[in-house]
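Enquirer: Sequence:
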Amino acid sequence: MKNYESAIVKRLYSATPEREWNRLNQDVFHRLEFDGTMKFLKKHLPKKGLILDAGGGPGRYTIELAKMGYDMVLLDLVPENLRLAEKMIKKNKVEKRIRGIIEGTITDLSLFEDNTFDSVICLGGPLSHVHPLNERKNAVRELKRVVKKNRKVIISVMSKWGVLLATPMGWPNVVKFNSYVTEFAKTGDDYRFAGESFCHFFTSEELIKLLKTQCLKVTDISALEGLNIDNETTNEFEREHKKAWKNWMKIHESVSRESFAIDSGGHMIVAGRK
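241 is the number that numbering that gives the first Met the number 0 gives to position 242 of the sequence shown; each next residue is one higher, with no gaps.
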């Protein structure tokens with residue numbers, strides 16, 4: 000994948016590897032994505048094996064899974080992410096579980112043979128940064144190719160309806176650009192992501208269809224942030240209403256497989272079996 004979109008995505012993450020490392024642990028709202036992802040992984044990963052973390056950034060999930068005893072290969076587009084990953088892997092003392100730290104793209108995994116991995120994960124939205132649709136198909140095809148038969152590919156992406164729900168609270172100025180927002184609502188393509196990068200935001204229907212076109216059987220799909228669509232509101236709720244927050248989390252988990260919740264949050268996660 001070498002095009003304008005990949006270039007501006009690489010430029011964004013090259014400048015901010017620490018931000019991506021800190022993102023998932025910076026507050027309660029962002030922990031929803033991380034904690035929900037880890038719960039989903041524990042349900043769908045094999046008990047042991049070799050896992051490819053494709054588009055794994057600075058390696059937060061690689062490190063967490065290495066701590067759990069998995070053998071890990073980390074692949075990412077951005078050298079700065081991988082340098083930070085090497086540092087954090089050493090800091091967390093999981094070097095023995097790391098089988099590779101590789102610069103590459105999820106649209107071309109030709110370095111790996113067919114049926115290499117016991118599972119493949121692609122988390123936090125790498126697939127959302129791939130454009131156009133044919134390249135997203137290539138990415139899913141490659142993720143499927145390198146996973147073993149009857150094993151799972153697990154992908155999380157950004158949600159189109161989720162970001163639109165959050166727009167009045169988070170980005171009201173964007174709505175001034177009426178034609179831009181109208182086009183985004185149609186296509187899910189955002190060329191102003193984080194200022195001047197690219198991101199494709201999915202609907203759950205679109206994500207499921209994409210996996211099915213590449214002959215992956217969808218076995219599970221879940222919300223991550225779910226009904227918590229605004230970070231400031233969510234963080235204040237948890238901070239000011241501890242008991243209510245615990246009750247709310249029970250509701251959050253109970254509706255996480257409902258279609259409205261899957262599409263309402265910032266991210267959704269899906270498992271597809273080869």
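If you are wondering where the hints come from, they were derived from the structure by calculation, not from laboratory data.
For clarity, every value in this text was computed on a predicted model and none was experimentally measured.
Backbone N, C-alpha and C fix where the C-beta goes; we use that ideal spot for every residue, glycine too.
One or more of the hints may lead you astray.
DSBU-like mimics (lysine-lysine), calculated; alpha carbons at most 30 angstroms apart, straight line [stated by the list, open to error]:
(1) K38 <-> K241
(2) K185 <-> K42
(3) K86 <-> K216
(4) K241 <-> K46
(5) K249 <-> K143
(6) K216 <-> K147
(7) K136 <-> K95
(8) K148 <-> K185
(9) K41 <-> K208
(10) K136 <-> K92
(11) K41 <-> K185
(12) K46 <-> K143
Pairwise CB distance ranges (calculated) [unchecked claim]:
(13) T232 <-> E94: 32 to 42 angstroms
(14) K89 <-> A184: 37 to 47 angstroms
(15) K241 <-> K148: 42 to 52 angstroms
Enquirer: Does each hint fit the structure? Answer for all of them.
Expert: The hints, checked one at a time:
| no. | hint | result |
| --- | --- | --- |
| 1 | K38 <-> K241 | holds (22 angstroms) |
| 2 | K185 <-> K42 | violated (34 angstroms) |
| 3 | K86 <-> K216 | violated (37 angstroms) |
| 4 | K241 <-> K46 | violated (34 angstroms) |
| 5 | K249 <-> K143 | violated (34 angstroms) |
| 6 | K216 <-> K147 | holds (14 angstroms) |
| 7 | K136 <-> K95 | violated (34 angstroms) |
| 8 | K148 <-> K185 | violated (36 angstroms) |
| 9 | K41 <-> K208 | holds (24 angstroms) |
| 10 | K136 <-> K92 | violated (36 angstroms) |
| 11 | K41 <-> K185 | violated (35 angstroms) |
| 12 | K46 <-> K143 | holds (20 angstroms) |
| 13 | T232 <-> E94: 32 to 42 angstroms | holds (40 angstroms) |
| 14 | K89 <-> A184: 37 to 47 angstroms | holds (45 angstroms) |
| 15 | K241 <-> K148: 42 to 52 angstroms | holds (47 angstroms) |
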